[in-house]
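If you read the sequence shown in my numbering, its first letter stands for residue 2, the second for the next number, and so on.
Just so you know, these hints were derived from the structure itself, not from any lab.
Pair ranges (Cβ atoms, derived): (1) G160 / A276: 18 to 28 angstroms; (2) D383 / G89: 25 to 35 angstroms; (3) L215 / G310: 17 to 27 angstroms.
Every residue gets a Cβ at the ideal spot worked out from N, C-alpha and C, and that includes glycine.
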Amino acid sequence: MSHYQVEGGDPCDWTDWEAAGRTKGGTCGRAADSWRRYEEDAALAANLGANAFRFSVSWSRVEPRRGVFDEAALARYRRFVERLVSLGLEPVVTLHHYTHPRWFHEKTPWTSPASVDAFARFARETARALSPHVRLFLPFNEPLVLLLGGFLDGQIPPGLADSRAAGRALDHILAAHAEAAGVLRQEAPGAAIGVAHNMMDFVADRPGNPLDALLARHARRLYNTAFLEAFATGRWNLWIPPFTRFKGRRDALPGSLDLVGVNYYSRLHVRFPAATRVLTGFAYRDRQGRGLTDNGWEIAPASLPALLGDAGRLGLPVLVTENGLADGADALRPAFLESHFAALAEAEAAGVPVAGYLHWSLLDNFEWLDGYGPKFGLFAVDRETFERRPRPSTGVFREIGKSFLSLPLRGTRAQKSVHI
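Please build the complete structure, drawing on both the sequences and the hints.
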């Protein structure tokens, strides 16, 4: 879970974004009130048979003013981590999940080299507070989405649409990951470092159309593998049609990952040319007859094994760091869970070392630009009382999780992890 989506009461750049009317779904407010109820949420996960719990640390809570760290906030996260461990839940800690302190974009923006030192300092203070209880850190969640949405399309903070700024930001985000990896390994010896990378499948909108097929192939490589290759080679060369190209090199990137996290939700049908400013069209279709989610996404489990295989090319364990759907009626979620766990088995049979599965999400939460409309939770959250109410699919998750956890991680004695 992202801190901002569940904790509530966290002034940051997203709070200001909402106040400026830049979202469709209103303000976050108290979210799911998890800042006060984290221990309750941990118990819900444990009772469903999970053995891991992913959450993120709020940079704006921990460092509300540049260089000034809030020891009470760090202590709150430490108490939560200790509670997770006492319940047999492995803490999976994300450091950056879209939001920034209010001072960040003015004083140390991602377009500036100062951002690298700022993020490393935040990583160090967090690791000191949570070590030795945390053995898996994800410095960034979906850095490519942050780049595209925040620096090219202006949809999320900082709201830029500037390819030169985007190129500088990408360079510094990757440098910040590498620097944070080194800091985390110093402060939490033995901890594993990963990245949560959003992956999508892309298919031709018009079957048999060569231009659509060409665009789909390029989109798959650009979005899924070209970005990951930077962690293996230290170099990147991303071309976003028609006129944007990002090239760079950071020699510290190779060796900065111990595992690859994959966030997977859906696939897009693409066409070229299209009447848009980028000459390409993107749409969700229900051509497999599984239905569309409440927010209109296609349910496409058949795409998952190949994407996990692509992630596995780095030669590291692959962890599904997010997978789920918006389904307030809970009508599609049972079949969704069954089909996606079957896809994990298919990937493993093909040789992909699947380390675990983290479901998005335990609770209904604040879904960024869409507010509280989409319902991703295994538990519904009453917007007035914040009561957590289990949906029927919790039983399906529990039973499937038992069989998944009974199998060891390929090639090691370690058990897999499953999280809600």
